[in-house]
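*Asks:* Sequence:
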Amino acid sequence: MSKIRARTPRIPSINHDDADPIYLTEFRTAMLARGLSVRTRNAYMTDLRLCLATTNKPLTKWDKQDVYYCLQSTQATGKNPRTIARMLASLRQFFLWQIGNEVRKDNPCEDIKNPKVQKPLPKVLSEDAVTQLLETPDGSLLGLRDKAMLEIMYACGLRVSELVNLSLEQVNMNAGWLQITGKGNKTRLIPMGEYAKNAIENYLTYSRGELLAGKTDCQAVFLTEQGGYMTRHNFWHMIKKYAKLADIKTDISPHTLRHAFATHLVNHGADLRSVQLLLGHSDLSTTQIYTHVATARLQALHGEHHPRG
1 MSKIRARTPR IPSINHDDAD PIYLTEFRTA MLARGLSVRT RNAYMTDLRL CLATTNKPLT
61 KWDKQDVYYC LQSTQATGKN PRTIARMLAS LRQFFLWQIG NEVRKDNPCE DIKNPKVQKP
121 LPKVLSEDAV TQLLETPDGS LLGLRDKAML EIMYACGLRV SELVNLSLEQ VNMNAGWLQI
181 TGKGNKTRLI PMGEYAKNAI ENYLTYSRGE LLAGKTDCQA VFLTEQGGYM TRHNFWHMIK
241 KYAKLADIKT DISPHTLRHA FATHLVNHGA DLRSVQLLLG HSDLSTTQIY THVATARLQA
301 LHGEHHPRG
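Mapping to the numbering used here: the sequence shown position 243 is 243, numbers consecutive.
Derived from the structure by calculation, the hints contain no laboratory data.
Since we're looking at a predicted model, the values are computed, not measured.
Careful, some of the hints might be misleading.
What the hints assert, rightly or not - What follows is a list of derived Cβ distance ranges for each label pair:
#1 Thr46 <-> Asn101: 27 to 35 Å
#2 Tyr195 <-> Asn114: 36 to 44 Å
#3 Ser126 <-> Asn202: 56 to 64 Å
#4 Asn174 <-> Asp128: 27 to 35 Å
#5 Gln75 <-> Glu169: 49 to 57 Å
#6 Glu169 <-> Asn114: 21 to 29 Å
Each residue gets a CB set at the ideal place from its N, CA and C atoms; glycine is no exception.
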């Protein structure tokens, strides 16, 4: 960041009971009209209040120097680069809104670069831990369903939303493929592999019909006890339950098996382009994090087993 006026950084303090300036209220209303979620609107407002707390000057009067001062002040309080980058993004949106309303002609954030934010490496289960997890469900109606869901998640690297919304027409048992429509409405074909194919076949043969039992005409592959769609929340509870039963100490989430799918492929020599296509990533740079995970694993193994590690 360029030099700023010599002022003593002020530690932001926010009193959420104070009434927001009218322009912030109007901005929030505009974000609602744009269809942004409550979470996104709240994040914008939190960031802009943080910005306001660094100075007595209204945001509507800010110039580039004020933005620099705000970011440096926030950094001086120990906030991480991710928080600062998010604040800068919120300021950009606010000033763009002002420009759109012809309140101002310039965006003070236009030439200010985001701080470098290091992406955390995803937590990945070992192949042994994954096997342990997949072998935990029993042969009950729900156990067969859960086994199939876990096997498909690991074999195909699906997003949780893709898994719980999987429909019967997307499953080709004869060919052993899933046809998935992911982000950006892009379709990809993913092979299931024998373990996942057998698990889903057992579920469809012995469990799904019983769960459906004429209650609904739901076309989802995976059903609740009531015969309806599974949810992300359902799967979150399910994977937590089986991780505990399998005595897996790592804190895992529904996304953990997707990460394991990609990392284990890379560990076994799969090229990044293929992994990108299987995951449905639009940008190869998103997939490259798995090379870092594989490298980190090799470093750990070297440090643990090499006599001079």
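*Asks:* With reference to the structure, classify each hint as holding or not holding.
*Replies:* To see whether the hints hold, each was checked on the structure:
| no. | hint | result |
| --- | --- | --- |
| 1 | Thr46 <-> Asn101: 27 to 35 Å | violated, 22 Å |
| 2 | Tyr195 <-> Asn114: 36 to 44 Å | holds, 43 Å |
| 3 | Ser126 <-> Asn202: 56 to 64 Å | violated, 26 Å |
| 4 | Asn174 <-> Asp128: 27 to 35 Å | holds, 32 Å |
| 5 | Gln75 <-> Glu169: 49 to 57 Å | holds, 52 Å |
| 6 | Glu169 <-> Asn114: 21 to 29 Å | violated, 42 Å |
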